[in-house]
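Chains as they are written, first to last, in numbering that gives the first Met the number 0: chain U, 0 to 892; chain R, 0 to 892.
Do not take every clue at face value.
Any copy, or any two copies together, can satisfy a pair, since identical chains are not distinguished.
Derived DSBU-like pairs (lysine-lysine); straight-line CA-CA distance at most 35 Å [to be verified]:
#	residue 1	residue 2
1	K745	K213
2	K436	K351
3	K52	K752
4	K159	K436
5	K266	K436
No wet-lab data here; the hints were simulated from the structure.
Protein chains: 2
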Amino acid sequence: MTLLYPLDAALDRDLRLRLLGTKAAGLHEMVALGIPVPPGFTITTEVGAEFRKTGKWPDTLAPELDCALEQIEQRLGRRFGDRANPLLISVRSGAQVSMPGMMDTILNVGLNDSTLGGLASRHGNEWFALDAYRRLIQMYATVVRNIGIDRFQFRLTALKTKLGRPRMPDSELSIESMQELVAAYLSLTEEASGSPFPQDPDTQLWDSIAAVFKSWGNARAVRYRRMQGIEEAIGTACTIQAMVFGNTGMTSGSGVVFTRNPSNGDKHLYGEYLPNAQGEDVVAGLQTPVPLTASATAPGKEATSLEQSSPEAFAAVSGYCEALERHFGDMQDIEFTIEDGTAYILQTRVAKRTARAAVRIAVDMVREQVLSKEQALVRVDASSLEQLLQARLPSERELASRGVVPAATGLPASPGAASGRIVFDADEAVRSAAEGKDVILVRQETSAEDIHGMKVAKGVFTSAGGMTSHAAVVARGLGKCCVVGCGGLRIDFERRTVHLSDRAEPLQEGDLLTLDGSTGKVYAGALDLVASATVDELAELMAWADETRRMRVYAEADTPQAARAALSYGAEGVGLCRTERMFFAPDRLFAMQCALLAVEAEQRSHWLGELERAQCDDFVEIFEAMNGRPVTIRLLDRALQELMPEDERSLRAIADALDREIEEVAQAAARHRESNPAFGHRGVRAGLTVPGLYDMQLRAMLRAAHRCTERRTAVTLEVLVPMVAFTSEVVALRAVLDRAQAQVFKRPTTLFKCRFGTMMELPRACLIADELAQHTDFFSFGGNDLTQTVLGASRDDANRFLPGYRNELGLIASDPFTVLDPQVIELIRIALERARGLRPGLLAGLCGDHGGSPDSIEACERLGLDFVCAPLSQLPGARLAAAQARIRQNSGC
Amino acid sequence: MTLLYPLDAALDRDLRLRLLGTKAAGLHEMVALGIPVPPGFTITTEVGAEFRKTGKWPDTLAPELDCALEQIEQRLGRRFGDRANPLLISVRSGAQVSMPGMMDTILNVGLNDSTLGGLASRHGNEWFALDAYRRLIQMYATVVRNIGIDRFQFRLTALKTKLGRPRMPDSELSIESMQELVAAYLSLTEEASGSPFPQDPDTQLWDSIAAVFKSWGNARAVRYRRMQGIEEAIGTACTIQAMVFGNTGMTSGSGVVFTRNPSNGDKHLYGEYLPNAQGEDVVAGLQTPVPLTASATAPGKEATSLEQSSPEAFAAVSGYCEALERHFGDMQDIEFTIEDGTAYILQTRVAKRTARAAVRIAVDMVREQVLSKEQALVRVDASSLEQLLQARLPSERELASRGVVPAATGLPASPGAASGRIVFDADEAVRSAAEGKDVILVRQETSAEDIHGMKVAKGVFTSAGGMTSHAAVVARGLGKCCVVGCGGLRIDFERRTVHLSDRAEPLQEGDLLTLDGSTGKVYAGALDLVASATVDELAELMAWADETRRMRVYAEADTPQAARAALSYGAEGVGLCRTERMFFAPDRLFAMQCALLAVEAEQRSHWLGELERAQCDDFVEIFEAMNGRPVTIRLLDRALQELMPEDERSLRAIADALDREIEEVAQAAARHRESNPAFGHRGVRAGLTVPGLYDMQLRAMLRAAHRCTERRTAVTLEVLVPMVAFTSEVVALRAVLDRAQAQVFKRPTTLFKCRFGTMMELPRACLIADELAQHTDFFSFGGNDLTQTVLGASRDDANRFLPGYRNELGLIASDPFTVLDPQVIELIRIALERARGLRPGLLAGLCGDHGGSPDSIEACERLGLDFVCAPLSQLPGARLAAAQARIRQNSGC
């Protein structure tokens, strides 16, 4: 019984999916529900695998198939190959994982010169029968015989040209022309393949089955699977099903219906119907369909809805929709055909929807008691919630339909969208913004000197740099949309023009430009933005998520503004405040440069003192915003070379400030240059070897905390040490912290809690986690740097080979800088095992860009981490993902 | 019994070392052997630790000490503090690990105004007694009271000046002057410390003991321990011993004797003797000692040897020497004193010796049946053997004694030493060398264009670059000495001058310069080199090592010359042939650049074809040299950016060759620039994403192997894939190899063996070692890159913080790029456990710079690796280290 499976038998669900594929499995479920589905059966994936391996059919297949076909014949009272009342069948592919359009299907099998008449007379429609025949010939020839489809299109156009109307619709061809077309197709098939179209229905059938199974291995499908990371071994099943026809006349038709509105989630049927047409005509979009429901009919339009024209058929479809949605517990996307007034459901599947609709529907279905809260929570794609928070452009497809195409593409560095006037420098940005203009700052790259311009710009666009460039980092911190690394972009600062690409005309300063920071697309001119949808149900869904999840969700926030935004997005604390970003402002950068380049201890402490005051003020504001919630501050972690001055003016200013020669300062700055700065003198290494640097930061934190507690504001400070490789580093710093704490807090206070944590971002730290656990209050695993070091791949450079690995070569399934690599997870597991073996309750979590990715959050749940720390815009998604992970973990899947 | 320990009691050896320190433990052993040692006892390290912690003495110490002192008094018939026949004692420090000169010792304790006369009359020498007294006062004052020693020297000089002979030897001071000096020292002590010199012998004694224990914690000792990685907790012991005097007259004296010649290992006593002097006078070197033996007396010199002047005393010393060497089974460095004709041994320790002497002595002692072969093997410092292979400079100390000091210091990039005339470019180097001149090529940094100059130069010296810079890599490959990264070096190409440092005068082109590539020191002028010593016994020692070791020892060799040298140094195969170094020659670099920058597939294959031919020829020569032994060839592993053209001329040539615009080529080349090239587009990542690159290399290897086997030369090819992170990379490449092999070797041949191996140099590879083991014949762990990734520290940049970590901060004990880091070892252990869990016999070894380090080789033995691969010059050392590791492993220590 593994060979064939009739559409009305019971079978375990998992086995069904594996043996029959998703689509056929759906058909089986519908049959079980009593939904009218054309009768049929499925040849299992195992037969296909065997056939692809050996080139032979199992001996038992033919008799089983005959037997199954006979059952269909009996149910419908038609016979396969019968002249008078022929049974026509479809031969369809379908795998466990949906691969839309990638594999082949052949319809109308069983039709030939002699059964043609029987079909025509059964439906009283000769044109329809000829149309079905020519479709079969074309599908058979292209799929089984590999003849190019353009050769058939050429014959069709030739015929229409001969008739004097090269662009006439197919439906206006006469019976005679259709006969001529069938003859032309038959002779083309024979000419092109050296063998005539098989008139024998059995030959048609077996050829089609073989072709469907083989289509698993066609180049298109293989490439698709590689890109999607679909397992190669599974294979497709082959479903054989009686044909039903929507094109037998005006009491027939085909349609597609969503059980709810996929755009906003409203609960009403939403779909289209095409009278006297097959399903593929609806999909092809050559004719304009009518609405499904009367209420959806646009006022004043002539088109009559299905509800109005065929109330009974509509009522039937409507009932099936309700039954299917209730059965599957989710909004369905349903294909149906009405043949001579009788409705058949051909396919049902879970409907795609916008993030907004997904939230709405999930919450509604709980209210309707279709779903439990837990089911509703896992129903929403956590990563899609980010869309709900930002102004955005219409979808690319929508723009394309209006003829709007991108003029250039860069890296999507900071999400959101913005339109504005082009400016080429920060000062001009400030001037224009002051006049009330929206501006887009266009630069080769940005530096500390551009910050005032970035602050007032609506968006930032650079030709150089990557996802971690200055522009990208600062823009994300400011919540500005940003596109970077657009190679085609050439800026002519002399002429104040910019070329977006070689082809396009240059734009002038002041011209309008639109950026999509979520996709990296750039458009000439201003485009209307779609407002960020407010979804009332989101708050409710989030409340359920917060009740459900075990892990805490913290935010990345480097500024008081970001801290406040984090609270509004539901963060329970700041999990990562990167102090290095506090040195981007020009005056602070200058002080930092002076401190780093000072030769005399006195000078160094002077400039460190300046920085301490500034940092202290920042921390006070953040502590106040978080009001006693944990604030995790990471000590400076930036390659020193990135803090060095580059231009003459900065060098001169520093030389003046330090009373040194400019050449000396330039040489000292140059000595900080590194071959591989991401793996060089940064983090705790710089903090311990540059005298006073970390001491200054620790004092600033403690003094800020002290100032707050004096005003009765509670503070929970978590100090985080970056780039730890040796236990001795942690011991040395803890001593500095303890000393500074005793100095600043002369009297103990219950308002202040201080914890000391280690960034676990190097393999060495993970391997000595047991040692580190003895000197540390918590661990924060750094996804970015762990990925860099475990893979030995610099994030800034990995784009040279990772895309090729994923796409052309199919060597990896996902980008390890987006989804935590399994071996990074393994190393975290080893670290936790070692550390918790010694200190069972040790707090640990994940920070970095992976902290917002649902897959990574799921891994964190499995690892038993206590918290994740996500970027601002991904906080709601992270809260949801943490709940989903908990639900899956509890259910053991 | 843990408080005191008399010098004649038995005790377990380990406990003895821990409680008594090395030096006192040696005294105990000598007493047990019947060697005359001045009687005494030791206060254990535990008492010292307790005292340092609490500041108090254990209650039982004083009575125990009195009792022990009494035993000495009885043995010698003298009493501590007795006016007539006073016992004088020394109070000495001594820890388990020798820390020469770091801690304090006080001699002559027990002498005071009233015992002075007893001492003088006992030895009939008043001057001597006064001398002993002034020494005690000075030592007590400087050690116990922290008075600066210069203040005593000032008083002494003042006295001599008053006498009109400011430079007179101390020995010529009159009795009266000595009395005046003692008085001056006594008053100085009281003035400077506010308290008189203690006349009470007990006070002297207890103050001295306390000072000795406290000296464990003095800044000098702490710093020394930090640098040597000595454990802080152990502490020093304190030995109290009766004084014997070598300065009581001409029948007394002090000497130092080595039981063999420490320079060449000859078996004869080797030492110096100073009549009428204390041991410290010999060490201080103020007076010229006489030889020990008659045969060592230089002909025509007046000095009479000890053997001649005191034959009985010499015979006694000579006998003790023989007994001690035999007892300890090793050459000894012995201090002795002759007091009134009686010889006492004060100290014996294992003697330091040159590498040459070490080999000679080890082999001789086996012949003399003092040592077993295994004992002899562990006796020689494996890392010292490298010295035996190269011409070298005299030691720095030796040079300094001649007034020769380095003019600059860079990084020691390639060992050996060379003198020659300065040239500033490769062409000039070739011209001068053709005239028969030795030249040193001095450059800012080198590139492919300099190779012809490097080949003819005696040495290479650059201001930029690190240990892996072009200059360093090429020089090591060529076996040239090289110093790089000399920051102080400034070259003025206009004036053809070079400043070695800010202080020194500039040198002109043509001036002489000497490089020491083993230390990084650079000297102005030409220095005479010490020829590489040929040691006859080395071959025998190596033969024993080869019999003993379990691990195979392979060589790093990138050229046929290097392969032949490797054989002569005893390599069993080539463990690492780096193909990237084959592209340094200008014509090949050009072909590689054309291949990488070609747009059309046809052009690319043309240039790859050129490279294939060239590589094939190289491989043939290497295979022939190794004649069937394994040759492990690593596929290209170099950041593509390092292969890109930089100057206009190269760009133009490439543009012409590819028929492209020069700007296009420049842009294409610039696109290969990376932020962190060591972690970027290199190794298998480049090999798989640059079409045809690895295919070309694999074909070249196979065709070379084929050509050899056709000529009946056996070939064992081991292909090594660098930078593997994913199993899919290995699977993809193995398929390419299998395909190419089938194409090249149409018929199978027993002359050809091919194995496929993975470089294990990324943490990810180690974690998936079980998966990789299924697709791979062997593993080669790459120490350099594993260290980089486990520590997250780029080797080129780590020097910015590792020296500070080791020295000033004391955070780490050794340089992880020299000695395998414990966590790198742990990751290798994990990888082996996973891989061999699945494939128990999987071959695995270590390559990279650690492969030559004895510590790392010992780790490899413990890990159960099958081979190590060492740089050429370290091959003998590696063979010895592998044997030593095996011996230690077998003996379970």
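**OP:** If any of the earlier hints don't hold here, list their numbers in rising order.
**Re:** Of the numbered hints, 2, 4, 5 do not hold.
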